[in-house]
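Protein chains: 2
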Amino acid sequence: MTAEPLLTAAAPFSSAERAAVYRAIESRRDVRGQFTARPIDDATLLRLLSAAHHAPSVGLSQPWNFIVIRSDAVKQAAHAAFSRANDEARAMFPAERRALYSALKLEGLLTAPVSLCITCDHSRGGPVVLGRTHQPQMDEYSTVCAVQNLMLAARAEGIGTGWVSIFHPADVQTLLGLPAHVSVVAWLCLGYVDALYDQPELQAKGWAERLPLADLIFADHWGQRAD
Amino acid sequence: MTAEPLLTAAAPFSSAERAAVYRAIESRRDVRGQFTARPIDDATLLRLLSAAHHAPSVGLSQPWNFIVIRSDAVKQAAHAAFSRANDEARAMFPAERRALYSALKLEGLLTAPVSLCITCDHSRGGPVVLGRTHQPQMDEYSTVCAVQNLMLAARAEGIGTGWVSIFHPADVQTLLGLPAHVSVVAWLCLGYVDALYDQPELQAKGWAERLPLADLIFADHWGQRAD
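Chains as they are written, first to last, in the numbering used here: chain A, 1 to 227; chain B, 1001 to 1227.
Worth flagging that the hints you see were computed from the coordinates, not collected in a lab.
For glycine and all other residues, C-beta sits at the position ideal for the given N, C-alpha and C.
Do not rely on the hints blindly, as some may be mistaken.
[Claimed, not checked] Okay, the calculated bits of chain A under chain B, using three or more residues with CB under 8 Å as the criterion:
1. 66-79
2. 107-114
3. 129-139
Construct all of the structure, not just a fragment, from the sequences and the given hints.
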């Protein structure tokens, strides 16, 4: 082993390449209502999964699995689990917000041609994983990095992604037959889109507002503003 | 409010743009030893933080804060916290792996010009957050999406990022004065790089191997292979 094996030059991207990366990041939207019926072929889907698989992972443990769901029966069962949970969710909000909550479309489970469940295997990499010794949640965080990679690659492919989180995890655990050492990190709906919101849908529909970035930045210590 | 306000056309990216997105994803590396001393100016750092701020967040709650650390005293205290935890971590591995563990460089806290702590405020968005009603960890997952956005934007800028996870979270909580309702999601080292590993450093140095992607993909149900 040499001192620094396999290092290669790494320049900044060209300005056009850099702009493409920022455009994927800035124009990605969580999609619920804009999925078209156009099928996603296996080669395209594999590019997306490979993007996910290139995420950083704690100790190179790669704790993710990808369950590609094209079965109508499974999608319908997921939709039923969503609907039950969403009825519970609606009731948790103050009365004055419930009408707007009900008017929001929060999933596209039955229209997206593909659903994708991304899981985290907590046993991957063995009982002691480098970098996870003091922060056990790092395996889930690695898996979320894979999710975000996939959503950005999908944007570049013209494919919209919608993350559905309104269900009891145990319902999905049972539906997909996940072992006890594997947990659900994300259920994504995937489908080609012809249009996207030009701002987050929850902002467009008056549910929430973007926060000013400057308010979220501190210098050296919580609460301390830069000079 | 119209039925579908603010939808705009969303075509796939050009092939050159798509390639740039995939290149950022595939050539990003976790950096520990390659940081140069070149400073990161405020405008560049703000582009990276804006990329993070464009991450999806549950219920548009945007639970993240960004603590930009340029203070040598804070970096040195973080390094001391790392060193204590790393001594504990090393002892958790089987004896035959400890020599290699000790030979790995696992952080660049004292050489990277900037450290960035990205936190999750569990009170952001109020007591009930849309999409978090049944999965409370969704706020942390949103924050991890912001981390991954930032790491990809940094790659495009020629800036390397290294995620340091070997410390007791309580040490960082105290060091940065985080309130109890705010938790650490990531401590990143940031600095310009001239070279990167062409494969994950832990693979290059014989600690772990990439898994074949095909082994991680199932169809419709855990354990079920596609036809």
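How the hints compare with the structure:
1. 66-79: holds (count 7)
2. 107-114: violated (count 0)
3. 129-139: holds (count 8)
Violated hints amount to a single one, hint 2; each of the other numbered hints is respected by the structure.
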